[in-house]
Structure formats: C-alpha cells, structure tokens
Amino acid sequence: MRIAIVSGSSEGPTELNAFDNALYEAEIGDVNLIKVSSMLEANTKVEKLPKLKAGAMVNCVLSSLTSDNEGDELIACVAVAIGEELGCVVEANGINQNPEDIKNEAIEMVKYMMDKRNVKINELIVEEAHHTVKEIGSAIAAVIYITDDILE
Amino acid sequence: MRIAIVSGSSEGPTELNAFDNALYEAEIGDVNLIKVSSMLEANTKVEKLPKLKAGAMVNCVLSSLTSDNEGDELIACVAVAIGEELGCVVEANGINQNPEDIKNEAIEMVKYMMDKRNVKINELIVEEAHHTVKEIGSAIAAVIYITDDILE
Amino acid sequence: MRIAIVSGSSEGPTELNAFDNALYEAEIGDVNLIKVSSMLEANTKVEKLPKLKAGAMVNCVLSSLTSDNEGDELIACVAVAIGEELGCVVEANGINQNPEDIKNEAIEMVKYMMDKRNVKINELIVEEAHHTVKEIGSAIAAVIYITDDILE
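Protein chains in written order, with my numbering: chain A, 22 to 173; chain B, 22 to 173; chain C, 22 to 173.
Keep in mind that the hints are not guaranteed to be accurate.
Which copy is meant is left open, so a pair is good if it fits within one copy or across any two.
Straight line, CA to CA, 25 Å or less: simulated PhoX-like cross-link-like pairs of lysine-lysine [what the hints assert, rightly or not]:
{"no.": "1", "residue 1": "K74", "residue 2": "K56"}
{"no.": "2", "residue 1": "K124", "residue 2": "K69"}
{"no.": "3", "residue 1": "K66", "residue 2": "K124"}
{"no.": "4", "residue 1": "K155", "residue 2": "K141"}
{"no.": "5", "residue 1": "K66", "residue 2": "K155"}
{"no.": "6", "residue 1": "K132", "residue 2": "K155"}
{"no.": "7", "residue 1": "K141", "residue 2": "K72"}
{"no.": "8", "residue 1": "K56", "residue 2": "K72"}
{"no.": "9", "residue 1": "K155", "residue 2": "K137"}
Bear in mind the hints are in silico, worked out from the structure with no lab data behind them.
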C-alpha cells in the first residue's frame with residue numbers, strides 16, 4: 022500500500038468553496054474523495070503525492086475544519102503510524118486551541134491504537150494545516166491511498 | 022465517465038423510511054450509495070438513469086433533507102458543471118427558503134469552482150426536489166456515477 | 022453477495038479510541054470501513070466473519086454510538102432482512118432507551134422497506150451491542166460486505 026500525506030488551507034466566498042480551495046491547495050481538489058476509516062496495510066510506503074487524474078475515485082482519511090468566524094484559528098491534523106504488520110491513522114482538529122495540544126492528542130491516540138494491536142511503530146508522521154480565518158476559511162489534512170488507477 | 026442526475030421526494034412513517042422512499046422514487050432505492058466528493062472526469066456524459074442492479078455499489082453525490090415538521094418546505098438541489106478537462110458538482114439544500122435562492126447559490130458555487138480551475142463550462146445542469154412535509158418527509162437530488170458493473 | 026453481521030463494545034481513553042476498541046472487539050478493527058447505504062443483492066448469504074486482511078477496503082453498514090457520560094446505556098443495532106430478489110439493512114441506535122424498543126423500531130423499518138419493494142422476507146436477523154459507559158464507551162453493530170479481495 023502506498024499513501025501520500027497532504028495538507029492545505031484557504032479562504033473562499035462560501036464554506037463549500039473555502040473547503041474546495043483548501044483541497045485544491047493540497048492538490049487533491051480535482052478528484053472524488055471517498056472517506057475511509059484509517060487503517061494501513063502491512064509495510065505501507067509514504068510517497069510524494071503523484072499527479073492524480075481528474076475525477077478519479079480516491080480513498081482517503083480526511084481531517085477538515087471550516088469556519089466563517091473572523092479570527093478563528095483552525096488546526097486540522099492527521100497522525101500516521103506505520104508498522105510492519107499494519108498501520109493506523111488518526112484525525113484530530115480544533116478551533117482556537119493550542120496546535121501542540123492537538124498534535125499531541127493525535128499522537129497519543131495513534132500510539133494507543135498501535136499498542137493495542139501489539140505493532141511496533143517504525144515511522145510516525147504528523148501533518149497539519151493551520152489557518153486564521155479572515156472571512157470564510159478552511160483547513161484540511163489528509164492521507165491519500167495511492168493506487169495505479171487514480172494516476173494521470 | 023457517465024453520470025445520471027436524479028431527484029425524488031416522499032413521505033414515510035419514519036425519517037429513515039421517508040428518506041428511503043425518496044431514493045426509491047428517484048429510482049436509486051435498491052442500491053448501495055457511496056458518497057463521494059463532487060468531481061467529474063474530462064468530457065463526462067450525462068445519460069438517462071439506467072436500470073441499476075439491486076445491491077450494487079454506486080458512487081454518488083447526494084443532497085438530501087428530511088424533516089418531521091409539518092409544513093416545512095424542503096429543497097434539495099445539485100448543480101453540475103461539465104467542461105472538457107473536468108467537471109464539478111455542488112450540493113445545496115434548504116428548508117423554508119426561496120428555491121430560486123438555493124438554485125442560484127448552487128450555480129454560483131459551481132461556477133466559482135470551474136473558474137478557479139480555468140475550465141470553461143460547456144453544460145450546466147441544475148436538478149432539484151421540492152417537498153412540503155405532511156408528517157415526515159424527505160427530498161433528495163443526486164448525481165449517480167454510472168459504471169458497467171452496476172447495471173442490471 | 023456474502024455478508025457478515027457483527028457487533029462489539031468497549032471503553033477507551035478517548036472517544037476515538039473507544040470506538041476503535043469496539044470495532045476491534047467486533048474483529049473489524051484492522052480494516053478500512055467504507056460506509057454504504059444498506060441494500061443487499063438477490064439471495065445474499067450470511068456467513069461467519071472471515072479473517073480480514075489488515076488495511077483492506079471493506080464496504081459496510083455501521084451503527085455506532087459513543088459517549089463520555091458515565092452510566093449511559095448505549096444500544097447500537099442493525100436489522101437485516103433477506104429476500105430472493107434483494108435485501109435491506111436498517112441501522113438504529115439509542116442512549117438510555119429500552120433495547121427492545123430500539124430493536125422493534127429497526128425491525129418495523131426494515132419490514133416496511135421490504136413491503137414497499139414487494140419482496141418477501143426469507144430471513145430476518147437483528148444484531149445489537151449494549152454498553153454501559155464507565156468513563157468513555159462505544160457500541161457498534163455492523164453488516165460487512167464480504168468480497169474475496171478483503172480476505173487474508
């Protein structure tokens with residue numbers, strides 16, 4: 022299994038457009054995202070996001086926040102733990118919270134999941150997007166499951 | 022990529038059944054709907070909804086509203102913009118709002134998405150369902166992604 | 022089409038971990054769950070859950086409840102009706118309600134769906150998870166769609 026870990030944030034004229042712009046900034050704006058729950062195959066490899074085919078059906082874990090409250094600090098975060106037998110992904114996000122707290126919470130949750138499964142963590146990656154809302158803003162962080170049929 | 026654009030509305034004895042009845046009225050009641058986010062491949066063709074196989078796994082963009090408040094006016098709407106390089110779909114819905122406002126909002130949002138991607142709109146389709154709640158009602162509008170494996 | 026019907030419940034240090042622990046107890050904790058809407062193919066067979074491949078993409082209908090309110094009684098339930106032409110699944114859940122009421126409501130809803138489609142019910146199965154929250158708890162019931170590519 023191959024994954025890419027991305028993030029993005031943006032303003033937009035509506036909440037939907039702000040969210041779409043944040044996906045676009047993360048270079049996953051032109052595909053269909055199908056949300057899945059957060060498990061990785063044995064020996065998953067993390068890669069740079071390849072160019073995806075417009076309209077492709079792409080499995081992902083997505084953490085996102087959108088707000089129209091000026092000054093809101095949005096933090097969207099994914100924590101990815103990879104082991105030999107399997108891996109786990111955790112989403113976490115928060116508004117006007119300490120980003121370090123959000124990240125640490127995500128790390129604790131993903132460590133707990135791996136511990137429970139008795140899988141040693143070989144690689145632990147946290148990706149986050151910060152955004153301070155001007156008018157309408159969105160922040161996203163995502164794990165993209167890469168398969169050959171979604172590549173351009 | 023081939024899509025069909027459908028809508029439906031219905032009453033039912035529970036919210037779940039009203040929603041199911043609305044899907045059924047739209048002729049997508051016998052399949053498994055998997056919600057995806059709203060992008061279309063290059064040169065997508067719009068077709069009449071074919072007969073789908075019961076239990077098939079069908080990707081879709083779905084706008085839906087259900088209410089048990091007598092007299093509520095439900096409006097569920099999808100706006101579909103198709104271009105040569107790609108296409109975009111927007112969901113919008115509202116209760117007791119002017120249907121024209123909902124439609125225009127959807128059109129503005131999908132135009133913005135296409136503009137942002139520098140893709141000229143060759144075809145713009147808006148589909149909507151209206152429903153006035155008697156006891157428990159539901160309205161849905163959907164874009165169905167058609168693939169050979171979901172056909173009867 | 023082959024399905025398995027499972028349930029589980031658990032405590033955990035966070036809501037996400039309690040939910041993950043409940044999935045794990047139901048032996049669907051190591052896969053990616055993709056939520057689909059609730060229709061079964063003609064002559065669906067119910068099987069014992071096979072061992073799933075870690076990280077597999079698994080279609081499911083999922084009923085779940087999570088709470089951090091000590092003493093809450095969580096009930097998560099799925100009702101599955103199978104007929105010759107197709108089948109239907111209903112999710113129902115409730116907090117601090119009579120479990121029999123939740124089950125009966127699910128049964129009524131799924132019977133209504135089958136009646137509406139004029140399909141005779143050959144098999145009706147209800148699966149439920151109960152959980153009394155100690156600190157943070159979760160209960161889940163699920164229908165898993167089994168395909169060869171998700172097996173270990």
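Hint check results:
{"no.": "1", "hint": "K74 - K56", "result": "both (18 Å within a copy, 19 Å between copies)"}
{"no.": "2", "hint": "K124 - K69", "result": "within (22 Å within a copy, 39 Å between copies)"}
{"no.": "3", "hint": "K66 - K124", "result": "within (22 Å within a copy, 44 Å between copies)"}
{"no.": "4", "hint": "K155 - K141", "result": "neither (42 Å within a copy, 29 Å between copies)"}
{"no.": "5", "hint": "K66 - K155", "result": "neither (37 Å within a copy, 38 Å between copies)"}
{"no.": "6", "hint": "K132 - K155", "result": "between (35 Å within a copy, 22 Å between copies)"}
{"no.": "7", "hint": "K141 - K72", "result": "between (32 Å within a copy, 21 Å between copies)"}
{"no.": "8", "hint": "K56 - K72", "result": "both (19 Å within a copy, 23 Å between copies)"}
{"no.": "9", "hint": "K155 - K137", "result": "between (41 Å within a copy, 19 Å between copies)"}
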